[in-house]
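Undergrad: Each chain, letter by letter, is given below.
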Amino acid sequence: MAHPVQTEAEVVESAPAGAYRRLVLRAPEAARRVRPGHFATLAVGGGTSSMLLRRAFSIHRADVEAGTIELVVAEHGPGTRELVRSRVGDRLSLIAPLGTPFPLPEGPVSALLVAGGYGSAPLFPLAEEIKRRGGQVGFILGAATEARLFGVEAARALTQDVLVVTEDGSAGLTGLVTEPLAQAIKAIDATVVHACGPMPMLRAVTGIAEELGTRCWTAVEESMACGVGICMTCVLPVVGEDGVSRFVRSCTDGPVFDGAKVRWADLGTVPADLEGAAAMGVRG
Amino acid sequence: MEPQQVDLTAPFGGRTLPNPLTTASGCAGYGRELAKFVPLDALGSVTTKTIMPYARSGRATPRMAETPSGMLNSIGLQGAGIAHFVKHELPWLAERGARVLVSIAGERLEEFAEVAEQLNGQPGVIGLELNISCPNVADRGLVFACNPATSYDVVRAVRRVADAELPVYAKLSPDVTSITEIAAACVQAGADGLSMINTTLGMAIDPVTMRPALAGTTGGVSGPAIRPIAVRCVHQVHAEMLAGRIPRVPILAMGGLRTGLDALEFALAGASGVAVGTTLFNDPAAPLRILDELRTELAARDFTSFTDAVGYAHRPVS
Ligand SMILES: Cc1cc2nc3c(=O)[nH]c(=O)nc-3n(C[C@H](O)[C@H](O)[C@H](O)COP(=O)(O)OP(=O)(O)OC[C@H]3O[C@@H](n4cnc5c(N)ncnc54)[C@H](O)[C@@H]3O)c2cc1C
Ligand SMILES: Cc1cc2nc3c(=O)[nH]c(=O)nc-3n(C[C@H](O)[C@H](O)[C@H](O)COP(=O)(O)O)c2cc1C
Ligand code: FES
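Chains A and B supply the protein sequences, listed in that same order. Mind the numbering: the first sequence is residues 1 to 284 in full-length UniProt numbering, read in order. Mind the numbering: the second sequence is residues 1 to 318 in full-length UniProt numbering, read in order.
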């Protein structure tokens, strides 16, 4: 985990972006430490708020010179509803950067970046880094509807290899991001896939990438109470270097995981061969 | 009275801690991540997540749900076991000057004793907290702390093997008919202190799936929502001590502590120490803020020391 900074960040910009809200927050010290794939948490309301838990958001951009961090916020429940209403000049309690970022290639690679909805937010700075290292990128951006796509223009500014997919066909191809995936991997000779979006999507993407022998890094979204590694609410079953599966924290050991190591089929269960499962009465 | 002049030191077992604040078990992991937000040696002590003899995976996810001014959790005591803790976590804590209150548990009496024994003579350890509020397989899914006899047995078993210099605290559940009865049994068995309270059993149903929100169906409620329950428990047990019906031992209070004023409230009710738990998830830097606020609140009421405020709410009406 990066060394996070806890600060009262001023909202310097708040603008709609399709179905989402783009929030730009001034937090110079935090911005300096951000790497692609890091996330941030925001507290909702002040010190007496009845919403105790922070809300987690991928960091879309960190601008070191401006000293800002950009988040893309989707209205989901009461907490995000309140956050998207924040105005320029408001102060929000921010902790960033958090989590383990995407691993960056040593040299030039061909990478396919796959996103569902606001899952594309952390992929743009990653794409820039990959290009800076002489590599090339392609995007598959998917969402339920056109309004729920994020960053199509930004993707097109980085590469001509951009596929847009919507479930209702309101933009691009109709269907799920997984449908054109295998073909896209082959088309750009991708040796690595980076994916961010809903868990079922990550599972499917990993499966297809694995079949083609392509490495797949996934940024997961698990329900988090603390975001900093002290509560153990955000775990998922992951196979370790030693071949042993454990419940590991997605906030500190992730959110970026090697998709092949995540036991997608076992999410929401205690698999019998998990370290410590026997103590829970689960029989191997 | 200037806030800076207030004496926050607090006696704990045979020693004096710089202040009465600790972390609630399970809300600060083993300290490593929290240390990025607060220097651990600035806290009176650090209470670890409950440690069992062996590795436990804990429960399936989802393990948490937010509730009004609180949350539900069903972690299920995930941990790597005592050997791992002693080898990898404790030395790290000791190096940082943290004074460690180790929370331990077992499914059977022998397991509590087994973990306690392995902590004798370990650097940094200043006391043991017995989490007797966890499910007890040997007792058909009941909780030790729901029964005076089983509570007595656990404390007894640990007190027998633990280093005589290590204070042993029993952590009580609020989900009982008479918490004073359980408290009395623990003190009789040799508990040097009482921790109050653990989470209280609750449940939430997801309106989308229309099924229980937690994989474990029920979970423990924590956070400011349960503070009045915690204050009541502390006040009740302290009153019994003042009345001479329970031998007097220190109480470590927890449950929704969010501000220095909350810490003061617990002290007035009879707590000699306080722990911050769920609030850390909202504000990991909270301990230093709370200590500052506590100093201010004490000074505002002309208390020259924290210990002077302990039990103050019990003084007779004049
Ligand atoms: C690493 C990570 C990155 C994320 N990035 C983004 C992003 O870039 N943009 C965005 O809009 N959203 C993102 N999310 C999801 C966002 O955190 C949730 O939508 C938000 O917390 C919901 O809060 P609420 O009060 O609106 O909903 P409620 O359902 O009322 O929230 C109740 C509790 O559940 C938690 N929770 C609910 N849904 C989720 C979820 N999907 N993931 C994690 N916790 C959840 C909340 O944090 C809160 O503690 C991310 C989540 C994670 C874990
Ligand atoms: C996520 C979480 C994990 C917890 N784990 C433990 C634990 O391992 N052992 C224990 O004795 N109490 C555990 N507790 C209970 C707390 O230590 C504390 O008693 C309770 O949460 C009330 O305090 P609070 O409202 O300040 O959090 C846990 C609480 C939470 C929220
Ligand atoms: S969210 Fe608390 S440990 Fe990950």
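Treat the hints loosely; a few may be bogus.
Stretch-level coverage of chain B by chain A, calculated; a stretch enters the list once three of its residues show a Cβ under 8 Å from a Cβ in chain A [stated by the list, open to error]:
#1 31-38
#2 67-76
#3 245-255
#4 281-290
Listed next, with one range per pair, are the computed distances between beta-carbon atoms [stated by the list, open to error]:
#5 A:12 - B:177: 50 to 58 Å
#6 A:273 - B:188: 43 to 51 Å
#7 A:266 - B:120: 33 to 41 Å
#8 A:103 - B:299: 22 to 30 Å
The set of hints was computed from the structure by calculation and includes no laboratory data. The beta-carbon is built from N, C-alpha and C at its ideal position, and this holds for glycine as well.
Undergrad: Does each hint fit the structure? Answer for all of them.
TA: Against the structure, the hints come out as follows:
1. Coverage of the segment 31-38 of chain B by chain A holds. Counting CB-CB distances below 8 Å, 5 residues qualify, and the rule asks for three or more.
2. A count of 7 residues in the segment 67-76 of chain B with a Cβ less than 8 Å from any Cβ of chain A is obtained; the coverage claim is therefore met, three being the minimum.
3. Here's how the segment 245-255 of chain B fares: 0 of its residues keep a CB closer than 8 Å to some CB of chain A, so the rule of at least three is not met and the hint is violated.
4. Figure legend: the segment 281-290 of chain B, annotated as covered by chain A; annotation consistent (5 residues with Cβ-Cβ distances under 8 Å, at least 3 required).
5. As the Cβ distance of residue 12 (chain A) to residue 177 (chain B) is approximately 56 Å, the hint placing it in 50 to 58 Å holds.
6. Separated by about 44 Å at the C-beta atoms, residue 273 (chain A) and residue 188 (chain B) satisfy the suggested range of 43 to 51 Å.
7. The supplied range of 33 to 41 Å is met by residue 266 (chain A) and residue 120 (chain B), whose beta-carbon atoms lie about 39 Å from each other.
8. Separated by about 52 Å at the C-beta atoms, residue 103 (chain A) and residue 299 (chain B) break the suggested range of 22 to 30 Å.
The structure fails to meet hints 3 and 8 from the earlier list, while all remaining hints are met.
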